[in-house]
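These are the residues of each chain, in order.
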Amino acid sequence: MAPWSNGKSDRTVPLDVVGKLTPKEVLYDFDGPCIFTAETAFGTLVLAYLAEDLEEERRLRYIVSTTSPATIEDMKRGALSVREALRRGSVWIVDFDYALDPKDAWSIAFDEIPDDILPVPGTMLWPHLEPGLCVKLDGEDIREGSIPASVFLQAAEIAAKAFKPIFEWAARDLREFKDGRPPNWLRDLYGLPTQRVAFGSLEVAFGRVDVGSRQTQLAFPEILPTVVEIQEAAWEAVREGLQWAIGGESLPAEHDTDKWLAILESLKRIAPPSTGAVSNVHVSGNLVGRTDRPITLSRRSTKRIRDALTDLKRRQPGELRLFKGRVRELDLDQLTMILRGVEGDPNNEVSFELEDDSLLEIARDAHYHQIEVVVAAQRTDKNIWTVARIEFSLPENTSDIGEPS
Amino acid sequence: MTPDDLKDTNLDSNEVEDNDSLLEDDLPPNCPPPDAEPANGTVFRCCKNNPPAASDMLTHVEREQALNADPCLRRALSVLRSEEDARHQARLFRGWKTKFVAKAELTRQHGWCLATPARLPSHTSWWPAKSLNPQARASLFTVTCEV
Numbered sequence: 001m002a003p004w005s006n007g008k009s010d011r012t013v014p015l016d017v018v019g020k021l022t023p024k025e026v027l028y029d030f031d032g033p034c035i036f037t038a039e040t041a042f043g044t045l046v047l048a049y050l051a052e053d054l055e056e057e058r059r060l061r062y063i064v065s066t067t068s069p070a071t072i073e074d075m076k077r078g079a080l081s082v083r084e085a086l087r088r089g090s091v092w093i094v095d096f097d098y099a100l101d102p103k104d105a106w107s108i109a110f111d112e113i114p115d116d117i118l119p120v121p122g123t124m125l126w127p128h129l130e131p132g133l134c135v136k137l138d139g140e141d142i143r144e145g146s147i148p149a150s151v152f153l154q155a156a157e158i159a160a161k162a163f164k165p166i167f168e169w170a171a172r173d174l175r176e177f178k179d180g181r182p183p184n185w186l187r188d189l190y191g192l193p194t195q196r197v198a199f200g201s202l203e204v205a206f207g208r209v210d211v212g213s214r215q216t217q218l219a220f221p222e223i224l225p226t227v228v229e230i231q232e233a234a235w236e237a238v239r240e241g242l243q244w245a246i247g248g249e250s251l252p253a254e255h256d257t258d259k260w261l262a263i264l265e266s267l268k269r270i271a272p273p274s275t276g277a278v279s280n281v282h283v284s285g286n287l288v289g290r291t292d293r294p295i296t297l298s299r300r301s302t303k304r305i306r307d308a309l310t311d312l313k314r315r316q317p318g319e320l321r322l323f324k325g326r327v328r329e330l331d332l333d334q335l336t337m338i339l340r341g342v343e344g345d346p347n348n349e350v351s352f353e354l355e356d357d358s359l360l361e362i363a364r365d366a367h368y369h370q371i372e373v374v375v376a377a378q379r380t381d382k383n384i385w386t387v388a389r390i391e392f393s394l395p396e397n398t399s400d401i402g403e404p405s
Numbered sequence: 001m002t003p004d005d006l007k008d009t010n011l012d013s014n015e016v017e018d019n020d021s022l023l024e025d026d027l028p029p030n031c032p033p034p035d036a037e038p039a040n041g042t043v044f045r046c047c048k049n050n051p052p053a054a055s056d057m058l059t060h061v062e063r064e065q066a067l068n069a070d071p072c073l074r075r076a077l078s079v080l081r082s083e084e085d086a087r088h089q090a091r092l093f094r095g096w097k098t099k100f101v102a103k104a105e106l107t108r109q110h111g112w113c114l115a116t117p118a119r120l121p122s123h124t125s126w127w128p129a130k131s132l133n134p135q136a137r138a139s140l141f142t143v144t145c146e147v
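From first to last, the protein sequence lines are chains A and B. Heads up, the first sequence is in my numbering, so the first residue is 1 and it goes up one at a time. Heads up, the second sequence is in my numbering, so the first residue is 1 and it goes up one at a time.
Wrong hints could be hidden among the right ones.
Just some of the chain A residues that point at chain B, by a computed CB distance under 8 Å [claimed, not checked]: (1) 32; (2) 56; (3) 188.
Here's a subset of chain A near chain B, in silico, CB distances under 10 Å, partners left out [stated by the list, open to error]: (4) 53; (5) 118; (6) 120; (7) 209; (8) 210; (9) 338; (10) 368; (11) 370.
Below, a list of computed lysine-lysine pairs in the DSBU-like style, where the Cα atoms sit at most 30 Å apart [as the list claims (entries may be wrong)]: (12) A/103 to A/161; (13) A/303 to A/313; (14) A/76 to A/24; (15) B/99 to A/103; (16) A/103 to A/20; (17) A/324 to A/161; (18) A/76 to B/99; (19) A/161 to A/76; (20) B/48 to A/103; (21) A/161 to A/303; (22) A/24 to B/99; (23) B/48 to B/99; (24) A/259 to A/313; (25) B/48 to A/76; (26) A/259 to A/161; (27) A/24 to B/48; (28) A/313 to A/324; (29) A/161 to A/24; (30) A/313 to A/268; (31) A/76 to A/20; (32) A/76 to B/103.
Calculated from the structure, these hints are not laboratory results. Just so it is clear, CB atoms sit at the ideal spot from N, CA and C, and this is done for glycine as well.
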């Protein structure tokens, strides 16, 4: 008989050791206490989880795991899933009668419990603790205890910047920050707070951004859209983009180009790189409308996203140019810079905006050390050039710079 | 409207089967509580069967379960007002509640409801009308998703 259902083996735990297991704190109640803490006869704190109702035997089967107040607190604040909390302790199976008195108990290894008896991995104690977005990065070289640093970098990139293009698009009518670094309140909307990190593959769960208090902090609250409307529009666009990325269709015929440029830029930052440790990225959560089954972006999705982005950019009216000069002014807040000594420019200087923080490092070094740089920049309907790539102007490097990826 | 009025309610015979269940006659004093309201609106309940079966819709009294619990609440069925809460529950208790989320539209003829949130904000206790036996309750529900 399988250990899960074997209550009469040498693993039997005497009921006077188990104790009454009277609920100390009921954490989830639905038709009775489903998840609760209790103390054994010897005062050990345990976490009890209702696994099955054995109707014919008139028994309720609980998984009972030794625990600690810290684990319970982690579970209550959403830093730990119920499954992870159960896994942390030594486990008994305890069958209660319908009056909730223990009738049988035996020990079991956690891995002997059938998977479909346990909560879906990552499920939190209460619905409001469920992460807004969950991103799982996997690949052959990603294993528990051996996760390449580049994988963490990609997870951090997703957390901090992946949704920036879409939120900038959603807030496009607020012209004040059109160029350069977005204001902090907008950065707060797309920089999702990390709620939980799990290893195996690398899984990062992000909480929702609560905008309740931020609405009144805006400098121009009378201008639409509101922060909530920006969030709704942005996440709707993310959902639309993810559905497109896993489908086989081309971009919608009557698509909004600016919106799809933003969507594709964001998807590019989420999808697995063409090479490297991460081969799939699984995205789930309430914010992307997938709580049950994740959306999986593979390297095929990456190619699809990049091809669509290249095609869309190619059709954009605009100009791509290379500039060579020295960074004389660099505004770290606004993410703008002025390049002086530019050959062929009548004013001998050109203003640029930097697409994001990742370009800052070279720009800053070039500014401090007065090193000449080569800048690839694009101009569409605006007068200002947007930096796509920047590199030191060393002879061996200048030939490498090409069209932005 | 009081629970006694429900005894005279004429319901569609396809939906409700007359029965002499002890439910209504056996209710303790002040049950449902005075702040309960006639059933109304959308509710969700996780169940093991698709379509939902009578065994998915039993109160504690009908199961002879939770013998020491509040006698009034033992005669109520727990439901959720939020589908997201129900989906979460189905993910959390795969062995106990299995994987179906079912939805029903309740009206006043279906009994009495009281919001009983505690840890789950959308948790609601539903005292089904006497005329709704477990099978009739089940027939009010349609599975909306499989988790």
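Notebook entry, point to check: Quick check: which numbered hints come out false for this structure?
Noted result: 2, 3, 7, 8, 9, 10, 11, 12, 29
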